[in-house]
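Colleague: Here's the letter readout for the chains.
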Amino acid sequence: MTATVDAPRGATPPAPRHPPAGRSPKRRVKGALTPWLMLTPGILLFAVFMAAPIFYTLLLSFQKEQVKGLGLGGDSRTREFAGLENYVATFSDPEFLASVARVLLYGLILVPTMLGLALLFALLLDARRTGAKGFSRVSIFLPYAVPAVISSLLWGFLYLPAVSPFYWIFEQLGWDDVPSLLSPGLVVFAIANIGLWGGVGFNMIVMYTSLKAVPSDIYEAARIDGASEVQIAWRIKVPIIMPALIMTALFSMIATLQVFAEPTTLRPLTNSLSTSWSPLMFVYRDAFTRDDIYSAAATSIIIALATFAISFLFLRVVQRRAFGQED
Amino acid sequence: MRSTIRMGAVAAIAAAALIMTGCSADGASEGTADDPIELTYWAWAPNLDKVVDLWNEEHPEIQVTVNKQDGGDPAITKLLTAIKAGSGAPDLIQAEYQKIPTLVASDALADIAESVGDDVAGQFPEGVWQSVTLGSDAVYAVPQDTGPMMFFYRADLFEQYGLTVPTTWDEYAETARALHAADPTKYLGTFSANDAGWFAGLSQQAKAEWWSIDGDSWGVGIDEEPTQKVAEYWGGLVAEGAIDNKPMYTPEWNAALNDGSQAGWLGAVWGPGVLSGNAADTAGLWEAATLPTWDGDVSNGNWGGSSTAVTSQSKNVDAATEFATWLNTDPEAVAALVEQTGIYPAATDAAASILTEAPEFFSNQPDFYDVAAEAAQAVAPFTYGPNVNVAFSAYNDEFAKAAEAKSVDAFLAAVTAMQKTTIDDLKAGGFSVSE
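Residue numbers (the numbering used here), protein chains in the order written: chain A, 1 to 327; chain B, 328 to 762.
These are calculated hints, taken from the structure and not from any lab test.
Treat the hints with care, since some could be wrong.
Partial pick of chain A residues on the chain B-facing surface, computed with a CB cut under 8 Å [to be verified]:
(1) Gly69
(2) Phe157
(3) Leu160
(4) Ser274
(5) Asp291
(6) Gln319
Remember, predicted model here, so these are calculated numbers, not experimental data.
Positions of the beta carbon are idealized from the N, C-alpha and C atoms, including for glycine.
Here chain A stands alone, though its shape is the one from the complex (with noise of 0.2 Å):
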C-alpha cells in the first residue's frame, strides 16, 4: 500500500521523508555500485533539503549577533559564538513554557476528540447499512481541502460575536451571556475546533481505507456467530486496524506541536492570543519581528528534539501493536 499519510493541517508545509533503506528487500545485487547510484536521488535531495538545512540551523543555534554602543553604523554589528546561551535563554523563558503547556493543553483536547470522531465516521461509513456513502465521504473530507489560513479567518468571522450569524440566533432566542470563544480561557476551544473541523476528515479516510482492506469473510463469520454490528465494530474493526488508529495518533501529536496557522490567523482579532501562543509563533517571533534568527533556530531546535523524543517514546510504548505485522 502506498498512502502518503500526513498530519492534519498543522503549520507547515510537509517536508519529505524516505522509506527506511535499511528495509529494502536483502537481495544480492551484482556491482556494488547499482544500489548506490539508485540512492543517489533520494541522497542528494536528502542532503540539499533537510541535512544542510538542519545542520546550518545548528549552527546559528549556536551564535548571536552582538552591537557596540548605539549599534548605528557599519561596523558596529559582529557575529559571536553564543555557546549553550540561545538554549538557556529559551528554557527559561516563561513565555516559553508557557506555549507549550497551552499547546500541550490544545492537544488534550484536540486528538483525542478529533480520532474519536473520525473513528466514528469511518465505521459508520463502513457499516452495511449506511446509505449515501459517496457523499457522506466527500462532505467530511472537504474541510481538509480548505487550507487552515481560510478555514481559520472563516471561523474567525463566525467567533466574532458582532458578526456571527451564531450570536445572532443566540440574541433572538434571548441568551445574551453567551460567551464569544475568543475571549482567554476559550480560545483554546476555538483553536481545536478549526483544527478537529479540518482534520477529522483526513484522518477518517485514512482509517476508512484501512477497514476496507478487511476482508468481509471475518464479518461473515462473525455475523454467524451471532455477533451484532456493534459488537464486530468494537472487537474486529477496531483491533485490525489499530496500526491505523495508532499512525493518525502520531502524526496528529506532531501537527498538535506544530500548530501556527490557526492561532496566528485569528490573533488580529482578539486580546486573548498573544505573539507566542504555540511555540511555533514564538519562533517566527524570535526570528521575524526580533530579528533574532539565532535565538528562533536554537528554539527549532528543542521544538524538532522534543517532537522526536515523543514520537519515538509513543511508538516504543504502541510498536508491537502497530507494526507488528509488518516486521
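Based on the hints, put chain B in the right spot on chain A.
Modeller: Relative to the frame of chain A, chain B by itself:
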C-alpha cells in the same frame, strides 16, 4: 507503508536561514554615462509606479523601476535579508519612520547628507526631519508622508445625543461616558492592543520619549510619566466600560463603524481611506477634529508615515538621492503622489498648496485639510530606537492582557513590562543602554 512526516519547524527556519545566505540577485547597476542609470525602488504605496513614470519621462538618464512590495514589514524584512546576504538590495526603499533606526543599526541605509540639497530640510516639519536624521548630522531618508493623528467622530450621532466635540482628554472621557450611558451599545472608541503605532502616537502627543540617544548609549523611557499617564487614562476608561477593549481592524470593528456602535475613532490623517473602505455607508456622516489635548497643551502624535531611503548597497547614491528629493518635494511629483497614492505629504508647503479640497468621504467638511494641517503642525518630536519591533510586539502581548483584565493596574503593569522587554532586548544585543 510510505509516510511523510511533518518536520516543519526545522525545515522552515532552516530554509529561511538558507535564503539569508544564498538568495541574492545582482541588482546593482553600473551607471555609465552612455546608458541610463537604472535604479530599483521597493515600495508598497499603491500606484506609485504612475508617479515614477513622470520622472522617467523627464529624466531619460536616470530610469527608476518600482518593485511593488506587500507592505512595510515584509519589505523591511526582505531588505535586511539582502543586506545580510551582501547583495540583492534595491537602490531605494520606502521605509516607515519607526523602521529607520533598525535599518541604520543594520547598516542598510546610505548616509545621503552630502547628496541631498541644503534646501531640503527646510521643507519638512522639524519633528519629521528629526526622524530621518535620528538627531545626528547624517541624513538617512527623505520624508514622504506623515500621519498626524486626528479624532474622527459621527457628527450625526453627536447631534442626536447632544454631545459636543471634546477638546481635552477630560472632555473626551466625559463624552465617552455620556454616549455609553445614553446608548449602552455605543462607544466613543476602543482601546486597541493590536496597534502599537497608535499607542505610540498617543504617547508621543503626551511628550513621551520612548527612546533617546544619550551620548554613546540608548535611553529607554517607556515606563515614565507621559506614557504612564496615557496608560492610566485608557486603563481607567476601559475599566469603567466607557470605551471598548476590542482591537481595531477586525471584521467586528468594521461592523461597529458601519452601524454606529463605534461612534468615534482616534485615527490619523489617512483615516478617510480606512473609513471609506470599512464603513462606506457612513459617508458624509463623519467629521474630523484635532486630537483632544492634555489640559489644553497643544501637541500631537504621528501614527504611520514613511520616507524614501537610499540603501547602502546602491552604487548610485547621488542619482537615487536626486530622485528621492524630486519625488517628495517637487510640486508636480507631490501632487501626483497625493492624487495617485492618497498620501498626506510630509512637505509642508506642498501639502498646503495641493490639498485644498476635502476627501470625498468628508465632503461634508470642506475645511478637512485645514484641520489636518493644524494637526500636522503640532506633532511633537519623537525618536524611535533600534528595536521598535521588539517594543511593539511587547505592546501587543502586554496590552492584550491588560485590555482583557480591564484594570488600571494592569495597564500600568503593561507599560512596565514593555520597558523591561525593550531594555532586556537592547542589552542582550550588546547595545549600550543608559539607565
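Colleague: Each hint: holds or not?
Modeller: Here is what the structure says about each hint:
With its C-beta approaching chain B no nearer than about 5 Å, Gly69 (chain A) sits inside the 8 Å limit, and its interface hint holds. Below 8 Å, beta-carbon pairs count as interface contacts, and Phe157 (chain A) has one with chain B at about 6 Å; its hint therefore holds. At about 4 Å, the closest approach between the beta carbon of Leu160 (chain A) and any beta carbon in chain B falls short of 8 Å, and the interface hint on this residue holds. The interface hint given for Ser274 (chain A) holds, since its Cβ lies 4 Å from the closest Cβ of chain B, which is under the 8 Å cut-off.
Among the interface hints, the one on Asp291 (chain A) holds; its C-beta lies about 7 Å from the nearest C-beta in chain B, closer than the 8 Å criterion. Look at Gln319 (chain A): its Cβ only gets to about 14 Å from chain B, farther than 8 Å, so that hint breaks.
Of the numbered hints stated above, the single one contradicted by the structure is hint 6.
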